[in-house]
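*Asks:* With the sequences and hints as input, model every part of the structure.
Here the protein sequences come in this chain order: A and B.
The numbers in my numbering rise by one with no breaks, and the one at position 206 of the first sequence is 206.
Every number in my numbering is 1000 more than the matching position in the second sequence, counting from 1.
Don't read these hints as lab results, they were simulated from the structure.
You may find that some hints are simply not true.
When the alpha-carbon atoms are kept at most 25 Å apart in a straight line, the in silico DSS-like pairs for lysine-lysine are as follows [stated by the list, open to error]: (1) K150(A) x K1024(B); (2) K323(A) x K1135(B); (3) K1135(B) x K191(A); (4) K65(A) x K37(A); (5) K191(A) x K105(A); (6) K79(A) x K1024(B); (7) K1024(B) x K83(A); (8) K1135(B) x K340(A); (9) K79(A) x K69(A); (10) K76(A) x K1024(B); (11) K1140(B) x K340(A).
Since the structure is predicted, the reported quantities are computational estimates derived from the model, not experimental observations.
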Amino acid sequence: MPDISLIVALALMVIKVFIVTTILFVLPLPLTYVERKVAGHIQVRLGPWRVGPHGLLQPFADMIKLILKEDIVPDKADKFLFKLAPLMAMLPAFVVYAAIPFGDKWTIPFIDREVTLYIADMNVGILYVLAISGLGIYGLIFGGWSSNSKYALIGGLRSSAQMISYEIAVSFSAIGVVLLSRSLSLLEIVKSQGGNLLHWNFFYLPVGPVWFAIFLIGSLAEINRVPFDLPEDEGTLGAGFHTEYSGMRFAFFMLAEYLALVTVSVMSVVLFFGGWNAPFNVPFVPPILWFLGKVILFIYFFMWVRFTLPRYRYDQLMTIGWKILIPVSLVNLIITGLMKI
Amino acid sequence: MEQIPFFIFAAIAVLSAIGVISVKNAVHGAFYLMITLLQVAAIFILLRSPFLAAVQVFIYVGAVMVLFLFAVMVLDIGKEELRETFNQQGVIAIPAVLVMLALIGYMIIGGKVLAPAGNLTDDVLIGNSTEVLGKELYTKYLFPFEVVSILLLIALVGAIVLVMKDRKR
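*Replies:* In structure tokens form, the structure reads like this:
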């Protein structure tokens, strides 16, 4: 007879994974709606309006459309990789959340049992998140290559070059956070920022804001958001790496892209803005609400950026990566090290 | 119990490694290599070394493989150019491989591949293997660590010099 507590722990783990995965699958629906509403209002339009009140049913209409569309595989495409690529883009976006702490401990009311609001506390959590979220790039590269189309190929090439260039800067900012918080575990990183607003890594002056800027710019480039969305530059490349995709396969790429947006927002909050810690002492607000509030603010910030800035040229993108971000992070690393001695 | 996942990972790793050298298409080869490297990372986790596993995924799967793919796609290596993968070197290669396998087998049977774990018990490694690794690298193994760093630096400078020589003219 196996130990009963082991079974309960296992069941809890499965339930947590199930809840997180379900939320992540559903999340792109409101995000597409909000993104179009934000775009509309920034550009002095109404945004989606016709399907349902205030256009609220628009995401469902889109979903039905994407499911019903014909699934086209180009005749000369590399069939094996073409079909695999959307899944390779999507899977890492989910797997990342195994290490992300949404909160500390929480007691379920009535049955009085304590559960942790994270799936796993890894002692190399920050490395795990960076490594796994970097794997999503394979979907873009293989998708671009296997389409056998010049636009898609160039999109894939651009994304791989962009990824390599900006991965270095993002890793440096992760080193910075590790120096500030003295741990690789995301849980410990959040706990080290407890107390009030001034304990957050962002407010570790003067290096905190610089690390955050490096992280933000690098991550924007890695998840291919405007102003760094050159892999799907619709002005010159058709639709970039997913030019040849249709229906649900295209939807998988979009899903991965929205989840990457959420991941970057979550990581910004966890690494620099204290995770679930309140900025100052407010009674009766559960930590998870602080966490969600900060994440939502960041998601809005990224949408705001998207409809405000124009796209960079490719040489400008490379210049920013290699000639600005990397030297700045090296200098910042030395300063942080000296301050932490 | 722990041997079951090990054999699964090892089997996938070996099969995809065979895939790397047997497929005609270079991009497919890169795909199989990626799978092999991921399995190796999984084996690192079984060996109580999450740091090495994360670094393996981060550096090899995340960066080096992307660079490989970039080169393969830019050079546009077609299926035809890879037809002659064997170069008639089987006469040398097969005995060399057999000798190496025999050596490895001899060492495993003789118990010579095992090193004493010392004070690195399971508890220490599961708790904070990164800290243990860092301390060992910067104290006990500082000299080899520095030698490797200088070697990498030389390789970096060398790569830049090679590129610059072409460009001068």
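*Asks:* Work down the list of hints and note, for each, if the structure agrees.
*Replies:* How the hints compare with the structure:
1. K150(A) x K1024(B): holds (22 Å)
2. K323(A) x K1135(B): With Cα atoms ~33 Å apart, K323(A) and K1135(B) exceed 25 Å; violated.
3. K1135(B) x K191(A): Answer holds: K1135(B) to K191(A) is near 24 Å, not above 25 Å.
4. K65(A) x K37(A): Given pair K65(A), K37(A) holds - Cα atoms ~20 Å apart, limit 25 Å.
5. K191(A) x K105(A): holds (12 Å)
6. K79(A) x K1024(B): It holds: about 15 Å lies between the C-alpha atoms, which stays within 25 Å.
7. K1024(B) x K83(A): holds (19 Å)
8. K1135(B) x K340(A): Distance of about 18 Å is within 25 Å: holds.
9. K79(A) x K69(A): holds (19 Å)
10. K76(A) x K1024(B): holds (17 Å)
11. K1140(B) x K340(A): holds (24 Å)
Taken one by one, the earlier hints fail for this structure only at number 2.
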